[in-house]
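Sequence lines, in order, name chains A, B and C.
Quick note on numbering: this note's numbering labels position 21 of the first sequence as 21, and the sequence is numbered without any gaps.
Quick note on numbering: this note's numbering labels position 238 of the second sequence as 1238, and the sequence is numbered without any gaps.
Quick note on numbering: this note's numbering labels position 240 of the third sequence as 2240, and the sequence is numbered without any gaps.
Calculated from the structure, these hints are not laboratory results.
Treat the hints with care, since some could be wrong.
Just some of the chain B residues that point at chain C, by a computed CB distance under 8 angstroms [said to hold, decoys possible]:
1. 1048
2. 1054
3. 1083
4. 1086
5. 1098
6. 1141
7. 1165
To give a feel for the contact side, a few chain B residues facing chain C, derived at Cβ under 10 angstroms [to be verified]:
8. 1057
9. 1076
10. 1107
11. 1139
12. 1140
Simulated restraints, written as ranges between beta carbons of each label pair [stated by the list, open to error]:
13. 2023/C / 1119/B: 51 to 59 angstroms
14. 2231/C / 125/A: 52 to 60 angstroms
15. 2024/C / 1155/B: 49 to 57 angstroms
16. 277/A / 1092/B: 32 to 40 angstroms
17. 180/A / 1040/B: 18 to 26 angstroms
Note that the coordinates shown come from a computational prediction; the quantities given were computed from them, not determined experimentally.
Glycine is no exception: its CB is placed at the ideal position from the N, C-alpha and C atoms.
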Amino acid sequence: MSDLLQYIITGLTTGSIYAIVALGFVTIYSVSKVINLAQGEFVMLGGMLMYSLLASGVPYLVSILLTIPIVTIMGVLLERTVIRPAKGADALSLIILTIGASIFVRGLASMIWGKSPKKVEPFTNNDPIQFAGASITPQSIWVMLVMLLVVAVLYFLVEKTVIGKGFQACSANSLAARLLGISPAKMSMFSFGLSAAIGAIAGMAISPILFPSYDMGLMLGVKGFSAAIFGGLGSSPGAVVGGLVLGLIESLGAGYISSGLKEAIAFTVVLIVLLVRPSGILGEKSVGKGGL
Amino acid sequence: MTTMLRVNNVTKQFGGVVAASSVSFTVGDREIVGLIGPNGAGKSTMFNMCTAVLQPTSGEILYKQTRIDGLPPYKVAQLGISRTFQNLQVFKNMTVLENVMIGQHIQSKAGFLSSALRLPSALKEEKTIVENSMEMLKFVGLEDIADVNAGSLPLGKQRLLELARALATRPSLLLLDEIAAGLNHKETQQMTDLIRQIRDQGISVFVVEHDMDLVMTLSDKVIVLDQGEKIAEGTPQEVQNDPRVISAYLGADMEEDQAG
Amino acid sequence: MFKQNKTWLGYFAFVALVLILPLVVTKSYYISIATFAGIYTIVAVGLGLLMGYAGQISLGQAAFFGIGAYTSAVLTTQFALNPWISLVFAMLLPAVLAYIMGHTMSRLSGYYLAMATLALGIIIHAVLVEWKSVTKGASGLYGIPKIELFGFAFKQGVSYYYLTWIIAAIVILITINIIHSRVGRALRSIHGSEIAANAMGVDTGKFKMNVFIYSAALAGLAGFLFTHMNYSINPSSFGLDASIQFVTMVVLGGMTSVWGAVLGAILVQLIKIFIHTLGEHIPFVTSEFEHVIFGAILMAVIIFMPKGLFPTIASLFGKKGHRQTAAEEVQG
């Protein structure tokens, strides 16, 4: 029983990160119809920058406050220099484009930070808390809180602000949005910046648990992509549920079957669910069918 | 007279919008039937249901004795129904000849293996396909530009190409979606002649047109749709004199004027 | 028909080039790189047909490559099967898996297929690492026998180079035949307008699936050649990186032409040699530098040369002029 609880805690922690990456996917996809497989690189960059800033003596809070805008700028740069020039390319090309961006960033990261995983100090004192025979580290609690915070901020941004209205307009009909004076190009740029920012936050939160390394991004991107599709591409609640479920399956699979096969198990489950319910767990029938 | 196409009590709803409301009509053997109606009458929806691109909400559509609603479009084509597209769908990445050769797809059968190994049967079949396709091109008068890239053709020639491609499937029933849209007077004239010749070869033709002239000169029977409902059916004379048709068209014109 | 003659001319010129190469380049390192190029050519040709003609993407082609490699490795080392017999299974198994996936492909259209193939690649790689009783895990299988023909053993070097490229040449020939046939025409029509192809009676789903199966079988064939070139294999050659590299080959060379895939496979090998050589002189050029280059190539090609290298070069040499005169004829 305590084993199960432990697996659930681990699953919800990593699942929270997948959920944030998946939210980044959905944010970009709903505004610009781009599947951004480089999403995981933002997470990697968040962790790595945090490490570098801390290592060079920058105070903890300042490091956090510096990392977010730097990664956000990288997200905007990605949109302006890579995605926008390829506008009009088909979905297949756009996927390839973001894969290219992903391995490009990863290659650079390995040259800057080397290949060994980095150690980042936790947000607060990290003595595990015991309850019901399982233990949970404060950092795990932080990760879940950060995920909830990201969900809340995203909800506020999309539902209550002008930019959010722009996002919604572009997502519904980009031509109509343009007629209303909303620039889809600008919104696309914002969506990349926003996704990069939440990716960076995820990266900083998970770093003390999952020592960041240069090559973590692509796999995280793939998992975020699966979580987003699993939840029903285009649905934010679906992305969160998809991410959490993916994390849980992985951790339960690792605990009860084989830790080496945890990813294989998780992806197999996702594939089977998609075969039974092609629209994902919370998706509408029509969403995500377009494209290739 | 045998019935080629039978539309039986067909209703189509998109959410709350009714695009077709228990519409029934038939297209007989060697008959040219025109479907007309003002903008938004539901012509395209009806056409797309007859080609199985859309599925009716209720009712049935039969080709000869076979129900075709719900079948995948490629199966409908294999049964003997062929079509053209209002918003042209020529294969722009292929030559004019190759476009028509695709029309011969269901008349031939070379598969992966016989193609990969260039078996004599496949080569012989390929020769027949080219000959038949050239014949179709001759029929519509495009044989001189067989090797030209189809994407570079002007609109009028693309419409002729679509007609040739549709005929290459050797259909018994040909569905033409706004075939004269964007054509000049001379081209429309040529198209009218071609459609008559097609019928004379024993093919039934179902024409959906926004423009009245072509339909009125060609059709044996005209069906008029307005706001998803069939408001008239009969010979071109009968339909032209039907007060409901006149008011439907006049009303639509007035609305357009006000909108403009 | 004149177009076909041109194709044959190109084909024979290419074969001649391949035959002559070992006479000019003798360093064994280059010969083995050229052999790898032949093996990857086989994968790229299949993947190119899938991407360029069926309009589908596979981000997990290394899974089929790996299944082919491991099937033959396991059958020949643990069951002492003759490699020529294991070849059948090395191609059949990936094909069957593709068939199963392809059956669901109509549902897994669009982004789902990209995700599904990605997932497949990751699953298969994990299985290769974890199914230790059969695959020997991360350390891999060793003692793989050589392919023999009439008592002659193909060892790594010139003889294996010829074996690989003769098979690759046959694959190219078969694929060209398919493209210039009713099947290839149907595939191109799907790419041109799926809705019109369907309306002309082309069962688009079936054709896409067949190409998927064909590309999987070719990847299996390449895996077979990869296995028997080496004394040992391990899962690291069949991961996500390998899948992305296959996609890079196809995108770089150009996916709408068989020769594009061939060119892409060769170029990627040349770039690897270049980086390797550079790394001997400049310390910061590590193996990861490859990713920077391949990432940059993928982005640059999609942005500046979406058709890929081969069609772009081909259009510079005369073809373009030919098209223009044809267009003028129409206008006149």
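So, as I understand it, the hint says residue 1139/B touches chain C; can you test that by seeing if any CB pair is closer than 10 angstroms?
The hint is violated - residue 1139/B has no Cβ within 10 angstroms of chain C, the shortest such distance being about 17 angstroms.
The hint names residue 1057/B as touching chain C; please verify it with the least Cβ-Cβ distance against 10 angstroms.
Not OK, violated: residue 1057/B not within 10 angstroms of chain C, min 21 angstroms.
So, as I understand it, the hint says residue 1141/B touches chain C; can you test that by seeing if any CB pair is closer than 8 angstroms?
Result: violated, 13 angstroms to nearest chain C Cβ.
Minimum Cβ distance from residue 1086/B to chain C below 8 angstroms?
Since the shortest Cβ distance to chain C is 12 angstroms, the answer is violated.
Status of the residue 1107/B interface restraint (C-beta, 10 angstroms, chain C)
9 angstroms, holds
Kindly confirm whether 52 to 60 angstroms is satisfied by the beta carbon distance between residue 2231/C and residue 125/A.
Holds: the Cβ-Cβ distance is about 53 angstroms, inside 52 to 60 angstroms.
Against chain C, is residue 1048/B within 8 angstroms by beta-carbon distance?
Cβ of residue 1048/B sits 10 angstroms from chain C, so the hint is violated.
Does the beta carbon distance between residue 2023/C and residue 1119/B stay inside 51 to 59 angstroms, or does it fall outside?
With a Cβ separation near 36 angstroms, residue 2023/C and residue 1119/B fall outside 51 to 59 angstroms, so the hint is violated.
Consistency of beta-carbon spacing, residue 1092/B to residue 277/A, with hint 32 to 40 angstroms:
36 angstroms, holds
Classify the hint on residue 1140/B as holds or violated, based on whether any CB of chain C lies nearer than 10 angstroms to its CB.
Since chain C brings no Cβ nearer than about 15 angstroms to residue 1140/B, farther than 10 angstroms, the hint is violated.
Regarding the hint that residue 1076/B lies at the interface with chain C, is the smallest CB-CB distance below 10 angstroms?
8 angstroms, holds
Given residue 1054/B as an interface hint, is its Cβ closer than 8 angstroms to any Cβ of chain C?
12 angstroms, violated
Violated hints, listed in ascending order, are 1, 2, 4, 6, 8, 11, 12, 13; each of the other numbered hints is respected by the structure.
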